[in-house]
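Peer 1: Listed below, chain by chain, are the residues.
Protein chains: 2
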Amino acid sequence: MISRQKLIDQIKQKKSFLCVGLDTDIEKIPLFLKEYPDPVFEFNKRIIDATHDLCVSYKPNAAFYESRGIKGFKSLVDTWKYLPKDCLNIIDAKRGDMGNTSEMYAKAFFDEAASGMSFDAITISPYMGHDAVTAYLAYPDKWVVLLALTSSAGSKDFQYLTTEHGFLYEAVIQKANIWAGADRIMYVVGATKSTEFINIRKYAPDNFLLVPGVGAQGGSLAEVCRYGMNKDCGLIVNASRSIIYASNGVDFAEAARAEALNLQQQMQVELEKAGVI
Amino acid sequence: MISRQKLIDQIKQKKSFLCVGLDTDIEKIPLFLKEYPDPVFEFNKRIIDATHDLCVSYKPNAAFYESRGIKGFKSLVDTWKYLPKDCLNIIDAKRGDMGNTSEMYAKAFFDEAASGMSFDAITISPYMGHDAVTAYLAYPDKWVVLLALTSSAGSKDFQYLTTEHGFLYEAVIQKANIWAGADRIMYVVGATKSTEFINIRKYAPDNFLLVPGVGAQGGSLAEVCRYGMNKDCGLIVNASRSIIYASNGVDFAEAARAEALNLQQQMQVELEKAGVI
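Protein sequence lines, in the order shown, are assigned to chains A and B. FYI, the numbering used here numbers position 26 of the first sequence as 26, with every residue one higher than the one before it. FYI, the numbering used here numbers position 174 of the second sequence as 174, with every residue one higher than the one before it.
Extracted from the complex, chain A is given alone in its bound form:
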């Protein structure tokens, strides 16, 4: 179980708020790994070994595993088993359903006895409302990471619609704040819109924000920290492709470590600047 306090402790200890996204595409990993019984797991294992001391979170992206059918699902289960349990392990699944279906998804990702996996947190899409969230919160020691403002071009289609409670993404945060506090809910906020963090912090001053879009998607870490960091850090910044595909040669794990270290060092500067450490 990774409580809010334990997460903050990890951030201070590692001087990092880095999440390594395991969006592992079998077509992009080094060729020499194909000799292993499960090349995707072997890749993840080496990435984890090379980055564990530099990050506080891992985030496998379910889509990349499901795309390979039964084999891929096995890679995901094996990867979960290998993930360091002192990190916040997030399954990026973006599920969002109702009633007994949400309960089944919660079993899939939170109940090791049922599915072989027990992540600490799951990303959830808010469209179906509280039904999409409450089944996960029923697990007392787990987190919901709710989509608020995403870094995709499509975020403009609905997230910026004006509602009676402000933009839709603002309405989502205000409503979800009723369902649970900053010890149970995080929000996804895309890094491509760093000034929006000012606005989001009005509604979610204490929540951790999971920030994708730094690195391959072009967001700036300094800008994110300037507008989004709070006294406990309050940020988990994800990088996937820029780390895991830093090289596709035999040195891929070393290259991944170098990229993670580069980000960790920038993060340390930001944490010091903000007085968190």
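Possibly wrong hints are sitting among the right ones.
Heads up, the list lumps identical chains together, so a pair's fine if it works in one copy or across two of them.
Claimed, not checked - Using 20 Å as the maximum straight-line C-alpha spacing, the simulated EDC-like pairs for lysine to aspartate or glutamate come out as follows: (1) Lys85 with Glu254; (2) Lys231 with Asp111; (3) Lys71 with Glu112; (4) Lys74 with Asp111; (5) Lys74 with Asp38; (6) Lys175 with Asp38.
I should point out that these hints are in silico values taken from the structure, not numbers from a laboratory. Note that the structure is a prediction, hence the values are computed from the model and not measured.
Knowing the structure of chain A, use the given hints to seat chain B on it.
Peer 2: Just chain B now, with coordinates in the frame of chain A:
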């Protein structure tokens, strides 16, 4: 491939617009099936055999399979293989993501060579906008079934927010109509709000609507048809629990057939009343 015309032909031929939801819970199926190597697949196989001539669609709910980990994923793949290919086979996955992640989910459910499965349609959550949809539409012969108005209590949280384009669910339909026509997009509309169909038909006169919530969730078939049917039928009505758990004895398949037949007969009356057949 199930084109719009082929779906309409099936509806006219079978005098039915029934979708059987395969929300198969290993804890609810008859005990005697536990002797089989894969009780869930065995259950689905017998349900399919007993209902195939009475329905035009099957809809496995991904959550129920994922909740059992690797074993469950195998049950899903085997179930897909067994599904009659003259039916519209929908994976109820409610995915919704962006860019390369959406492409991976599309592979997972549409690309048999990658994942072992190739459903005709997938349910998608619209929150992330067009990024959540376009990767699936890149498969020229497949359908996106987009959440519009769901039957859950949580639908009130966001779907009924007032935006500059009407309620959020109306904004979703108007926007999605730009992405693709009635030959590629269906909408999920919960049966618990049958008068809302009048409103939805303003924006989606020709689209098929996938209607959950008849049966266990309490919606009325006659009301849905009164307000939602169009000249091509335009409805696929899903029933899950009321059919598949009609009995949990050795007669479960016969009981499921009786329940499906009951619905098919009501559907035939509605199709005749509306002049579709």
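Peer 1: To test your reading of the hints: which numbers does this structure violate?
Peer 2: Checked against the structure, the hints that fail are numbers 1, 2, 6, while the rest are satisfied.
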